[in-house]
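The primary structure of each chain is shown beneath.
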Amino acid sequence: MAASNDSPTVVLDPTGERTAATRVRTERPATLEGLTVGLLDITKMRGDVFIDRLDELLQGRGIETLRFAKPTFTKPAPIDLRQEIATRCHVVIEALAD
Amino acid sequence: MSKVELPRDGMIAVVKRDCPTCVLVAPVLEQLATDTSVHLILYSQDDPSFPEGVPDVVDDTDLDVSWTLGIETVPTLVRRVDGEESARLEGWSRTEWEAFTGVDGLGPDLPDWRPGCGSLSVDPARADELAVRHQGGSLRSRRVDLAVLEDDHEAMFERGWTDGLPVVPPTPARVLRMLGGTTRDPQEVVAVVPPDLVECTVEKVAVNAVMAGCRPEYLPIVLAAVEAACTDEFNMHGLLCTTWFSGPAVIVNGPAAARVGMNSGLNALGQGNRANATIGRALQLVVRNVGGGRPGEIDRATLGNPGKYTFCFAEDETGSPWESLAVERGFAPDQSTVTLFAAEGVRGVVDQASREPESLARSFAACLRTVAHPKLAIAFDAMLVVSPEHARVFRDAGWSKARLREELDALLLLDGDEIVQGTGGIAEGMPAGFAGIPLPKFRPGGLLITHAGGTAGLFSAIVGGWASGAMGSEIVTHPIGI
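Keeping their order, the protein sequence lines are chains A and B.
Going by our numbering, the first sequence runs without a break in its numbering and finishes at 98.
Going by our numbering, the second sequence runs without a break in its numbering and finishes at 1482.
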């Protein structure tokens, strides 16, 4: 039967199954040394306080940071913003909640 | 399959409190359950405290025993000998219960006979879940979890599983239901599907048939279509790769077509009939998903045609003046078949004036000559779909299909001088070496003639083909199994 709103639908793969069903996550780097860290503020209340402090700590360790912010926390990040983060940063830290 | 423990020998009754017949026969059940010579074991589908006088009613509220035994009615009595069922009785009938149990004088105050009630294990609300629990493990396809926050339909578009239209999510329950449409083993390999040359099982076809919107009874037709499409002769790989318009058209003959409610009449080549629409679509989804044949990748069509979503119809055999396409191609009239044709689009033939077969045949020939290009011969096949009002002209004149073919062959013998390259101010045409040689428009066997359509309209249809025969696609007729 179709899924209800709170349970995922399980479907059977209709393909020849020659490719992975899920994408493998990029491995977590062992160190941030030499990497650029993106700091994403989703514009939820006081997220900036958290991000500011992280920025201070990272810069104190000589790690390059770049600041980003979503236009609104109620919607997914615009594709251009995601693209910019993906191309300019090695890792990203996002402040999710207030 | 879940493990269910059943007594090796003895008698079982499956009951539910919510069944008036079970409640009616409760005193009899109590008598038989406490009679040590009978030792009836009771299984309750909804309430193990029923019947009250029986202390050890087995709880079957998960319905595993009922499902395993295939119970359809309660009460049902089952006798087991050496671990196998030897007899079964449904509902209440005093004489039958007495014979079954060997106990006389059962329920003297009860009516002689009462029908039972439906078993909860066949209740539509429970049956799917039971099938998945007991049979889901037999499905071999990879499970893909669509996340709660994903829209199921969007998720399937994003995974590239659709032809551009929405598909039905192929949940295990739906796929199991679809597999009920065939007696074939789900893991039997049906075909090796191009272009990736992937072994395709009955189960994979069922998954794609669910997505296409098929009902289970269509599955044998889809299976036959996949088998026919994946033969070397039909050359599905080449048909995919070509820059030409064509895709597989499926023409269904024999009793299977009417059995699943296919349309061979009004708007037969159009939309609106579920079987026509989804059988053709299921074949295309198998080629896309299992074989990996996607437009822009292996599928290189310059323009394509709308029939590449789905192109499937049944021949109108009962209204035809002629033997069916399948019979003409060597099959018995009661054998259901699919015929696969590498079809481009449908074009109309208007002839509202001809009342003589000679005249109508000339109209057909004039239009057939334009298939692919009026100056090209032999290279392309075609299918002529004769409508009932046009067929009547031939019936009234006593023309057989063979006679019509003979006339068309003669009319379609083209003069090489007129069709070589450059003639008529058109650079396209047959190579210069064919000058002076009569050339048939179609190779032998390259023109299919079928009968379909509504009863009003002096119009027939021509469906052009693709590169014919060994150099392209051979027309393939394949029997439909069960």
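Quick caveat, the hints were computed from the structure, so don't treat them as lab data.
Do not take every clue at face value.
One side of the interface only, derived from the structure: several residues of chain A facing chain B at Cβ under 8 Å [unchecked claim]:
no.	residue
1	Pro-8
2	Val-10
3	Asp-13
4	Arg-25
5	Gly-38
6	Asp-41
7	Thr-43
8	Met-45
9	Ala-86
10	Val-92
Owing to the predicted nature of the structure, the values given are computational and were not obtained by experimental measurement.
C-beta atoms are modelled at their ideal positions from N, C-alpha and C, and glycine is treated no differently.
Against the structure, the hints:
1. The restraint placing Pro-8 (chain A) at the interface with chain B holds, with a minimum CB-CB distance near 5 Å, inside the 8 Å limit.
2. The criterion of a C-beta within 8 Å of any C-beta in chain B is met by Val-10 (chain A), whose closest approach is roughly 5 Å, and the hint holds.
3. With its C-beta approaching chain B no nearer than about 4 Å, Asp-13 (chain A) sits inside the 8 Å limit, and its interface hint holds.
4. Using the Cβ-Cβ criterion of 8 Å, the hint placing Arg-25 (chain A) at the interface with chain B is not satisfied: the shortest such distance is roughly 15 Å.
5. Below 8 Å, beta-carbon pairs count as interface contacts, and Gly-38 (chain A) has none with chain B, the closest being about 23 Å; its hint is therefore violated.
6. Interface hint at Asp-41 (chain A): violated, since its Cβ lies 22 Å from the closest Cβ of chain B, which is beyond the 8 Å cut-off.
7. The criterion of a C-beta within 8 Å of any C-beta in chain B is not met by Thr-43 (chain A), whose closest approach is roughly 20 Å, and the hint is violated.
8. A least Cβ separation of about 23 Å between Met-45 (chain A) and chain B goes past the 8 Å threshold, and the interface hint is therefore violated.
9. The restraint placing Ala-86 (chain A) at the interface with chain B is violated, with a minimum CB-CB distance near 18 Å, outside the 8 Å limit.
10. Against a cut-off of 8 Å between C-beta atoms, the interface hint on Val-92 (chain A) is violated, since the closest Cβ of chain B lies about 20 Å away.
This entry does not satisfy hints 4, 5, 6, 7, 8, 9, 10, going by the numbered hints stated previously.
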